[in-house]
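Peer 1: Required output: the full structure, derived from the provided sequences and hints.
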Amino acid sequence: MTTPQAANDVPRSPAELRPLTRIVLTEEVNRTLFAEYAAHRATERGHEEIGWALLGVRTADEATVMATLPAGEHREAGSAHVRFNPLAQELGTRILRQGNRQLTMLGIVHTHPGSMRHPSDGDYRGDIEWVEGLRGREGVFAIGTADAAGNDSWMSALHVQADGALAFTWYSLQSGARNYQPLPVKNIPGADRAAPLRAVWTELETQAGRLLRLAGQLVRVQFDVIEGSTKAALVCDVPLPDQGRVIRVVMEGKDVRYLLIDGEQVQMAQFRDDRVDRGVFAMLAELCN
Amino acid sequence: MDFRPLDELERKQLTNALRGNAEQGRVLLLDRRDTSFAGSADEVPDEEVISAIRSVPCHY
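Chains as they are written, first to last, in my numbering: chain L, 1 to 289; chain D, 290 to 349.
None of the hints are false.
FRET-style restraints, in silico, Cβ to Cβ: (1) Cys347(D) to Pro184(L): 26 to 34 Å; (2) Leu303(D) to Gly114(L): 41 to 49 Å; (3) Gly244(L) to Leu303(D): 31 to 39 Å; (4) His81(L) to Leu319(D): 43 to 51 Å; (5) Thr304(D) to Phe271(L): 46 to 54 Å; (6) Pro346(D) to Asn289(L): 44 to 52 Å; (7) Gly244(L) to Arg300(D): 30 to 38 Å.
No wet-lab data here; the hints were simulated from the structure.
As the structure is a computational prediction, the values presented were derived from the model and not from experiment.
Glycine included, each C-beta is placed from N, C-alpha and C at the ideal position.
Peer 2: See below:
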């Protein structure tokens, strides 16, 4: 027997989605947002706005955030705006969706330098068009501010989360709406699935354009994060059609290495090319000989 | 075989998928290596997600 509450949790097709009544964050997502906001404020670029893209799953009237993608070092930002690095976030999204094709784009978090805890008119002009392409034609937005200390009444609101001086105030925006609506927020146990990507985000930003091109040209390209020789490494695997052989590119810092994996045998290619797509095609050409 | 309790999110996803299967006939996916639960068939198309990530507007 199905209760009405239980039926709400079943994933629905876009046409069946209702307006959001709550945003749910996994605990690691919540920790990531506060920790990276605090870390950003301590950097030389700490006066700039910063932000994150939110990925997760959308059910009937609820969205659960399961991953945060950082704006990236190559973001364009100042004290009054932030534009994320789109190539790095696209590659990050493709990597995350390898393991879960239910993950969808839910919304955006960004910060304001003062005490403006509501999205600006400029935010609205971009967001109201952008939500047309989201599930349910509705997005989730949060504004980070560093004004939480001493604001007890505000901080107890259901759509606000605070940690020390930092706060995030959560909203939804539906297609055609004239304004954002406060959105109650709740935490549940769980991971930030993008956490492993943080260790290779520099490599990911450096190679994003070439790796995306490669994934568009060759089928079954897979990405992973592995333990490298001195730190984590970003890996791109290109399966070959014959006998299970794989070209593996290992990107660790500025070092790019090419391997040919054939069962238990691993051979390292004796050439260097920092341009990953060119390197892979050079390997493929060599293997044709 | 590795047994461990599901966390709240995993349990919720499994419950939702089982409910979707029972009520609407939606497919349950199993990991081919160990038959563990690998989600349901309610996939979001790549084009939809990639289009959204590419078009994130500037924020002010």
